[in-house]
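Those sequence lines, one after another, are chains H and L.
Per our numbering, residue 1 is the first one in the first sequence, and the count goes up by one each step.
Per our numbering, residue 304 is the first one in the second sequence, and the count goes up by one each step.
Wrong hints could be hidden among the right ones.
As the list claims (entries may be wrong) - Cβ-to-Cβ under 7 Å is the rule here; a few derived chain H residues that face chain L:
#1 Lys79
#2 Pro109
#3 Phe115
#4 Glu123
#5 Gln142
#6 Leu276
Treat the hints as calculated values from the structure; they're not laboratory data.
It should be emphasised that the depicted structure is a prediction, and the values quoted were computed from it without experimental measurement.
For glycine and all other residues, C-beta sits at the position ideal for the given N, C-alpha and C.
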Amino acid sequence: MKPAVVIPICICAAALGSHATRFSNVVNPPVRAAGLEAQETHAAASLLGQFRTSISSFLFLRSDLYLHGGVEMRPLTKKEVDSGKKGVGAAADENEKLADDDSIVTVIPGARDDFRGIFGDVERSVASYKDMTGHHHQSPTQTLPLFRLMTWLDPKFIEGWTTGGYVILFDQKPGCIEKALAYLQQGLESNPDSIDILGQVAYCYLKEMEPIGYKGHQYDKALPYLEHARKIGVGNLKLLTEGEKEALEENYRRLAVCYRELHRYQDMRDCSLEGLQLFGQDGSLRQHAKEAEQLLRTQTTRQ
Amino acid sequence: MKIATLKALARSVVLESLRRKDLWVVAILGFLIILAAGTLGFFGFDGLQVFAKDLAVTVVGLFSTIIAVLTSFRLIPDEIRNRTLYPLLSRPISRIELLVGKLIGSIVVTWMSFIILCGLTAIALEIFQVQFTVIMLQYVLMKMLGLAVVCSISMAMSIYLTPNAAATLAFIIAFGAPMITRALTMSAPTVDVGTRTLYSVLNGVLPQTQLFDLGGRAVYPNWSPVPIWILGFLLAYAVVYSSAMLGLGWLKFRKQAI
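Given only the sequences and the hints, what does the whole structure look like? Please build it.
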């Protein structure tokens, strides 16, 4: 190949390469990776020995396993649901949304559902198996290093940041709010336009934690994050996944409450109505819209 | 069957493996494990113990199964290809003794590799300040039995198939059987009685290699050791299944024209 051809190609490649970071949001968008919830994929993942295309996803699934003390769980199949089979039910100690256990069962079946006879009995004795009805979760804080590892490997892995944030808050230890906020801020540095992370930061400012004397309700601090999430959501509505739409809907509710507590009733009404246009079925937003109208009327009457 | 003959045959397999420097590969793999553990230490060791154990059990299980298949699938085909089988059989050694001796040798090599891997992994776990428990010892012992079963399957396949096909099928059985068993248990409650009977037969024929994996109990906290009768059952199962595989191989090998 002649230098006259090679040199321009090299220059073009170098020019493109120097702007490669501009494409990172297109190639690896800061949105949820759809279908990564352990509950949705656990059966397939169990069958395939948890071989996943990315280590972060693998670690995310492992964290679910840690939460259940090593007992492998899977979702009920459609056939099982149709036949009336029930899952193990929500965990007895569930007080944070860390896992949805209503429709999952253990991968190794109980003796009643196992056709294997003694082989089944032996497997239940050698594997990390137990009846998970009304089970307790392990303290999720032991999974925290995994979340740190997965977000270090893939800073665009939104679930790693948001679930990690919940995990830090789970034990309600002194300083957990500051730690969670610092962790989520790191997440925002890599994903400034993530509705989930923005909503999670706002949650940290709003949530009250009695055991550590944290009063929460810092509406003024939560507001910028919720407003930013609202702006992103409205501008990219068609690109949002179902999960992100849910997060956006939740953000609208929180935003309405923030405006109310900061006495910005006009903004409260506008935000609630905008939310209703997007999520017409939301009863809370409808309630907030009515409340805003009333508050505005009272304010006008007083003036 | 003469013990001295079996011992000599097994010894030749071990010496051959040492000559081929197979154990060096194991040592390198182990070194990589320690290196990976050191890298993970970057995130701090506190809380990573479960993950470190999980990773260790996964890596050791994977590598040792690969070593078991690779050690045992080529023993008989190599003897035939290198024409070293003729001088062997010209001595007062029966074909069944040859198979048993070779199988014992491959099991010994696999166990040696496994113990080296375990030793190096233990160093890695020590870095993570992991506490060693009775279940970990049970894990090692049962895994050794499971590897013996894998060796017997791999050797039986090598008598019926070409070496490459035997290795491939042995890998599929070793790694795929637990998946198939899991799929069968998942779907069994929703199938009719006839299909469930077929499932039972299939489950009986497939090697239950997942039963030898106590990794889950060894990794996660608060699990009690496995009862002795279960260990006894697994020992009996390993002996019976390996003998069946050996018998299957012998059925072909005893009349095979060499």
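Structure versus earlier hints, numbers of those that do not hold, lowest first: Number 6 - this is the single hint that the structure violates.
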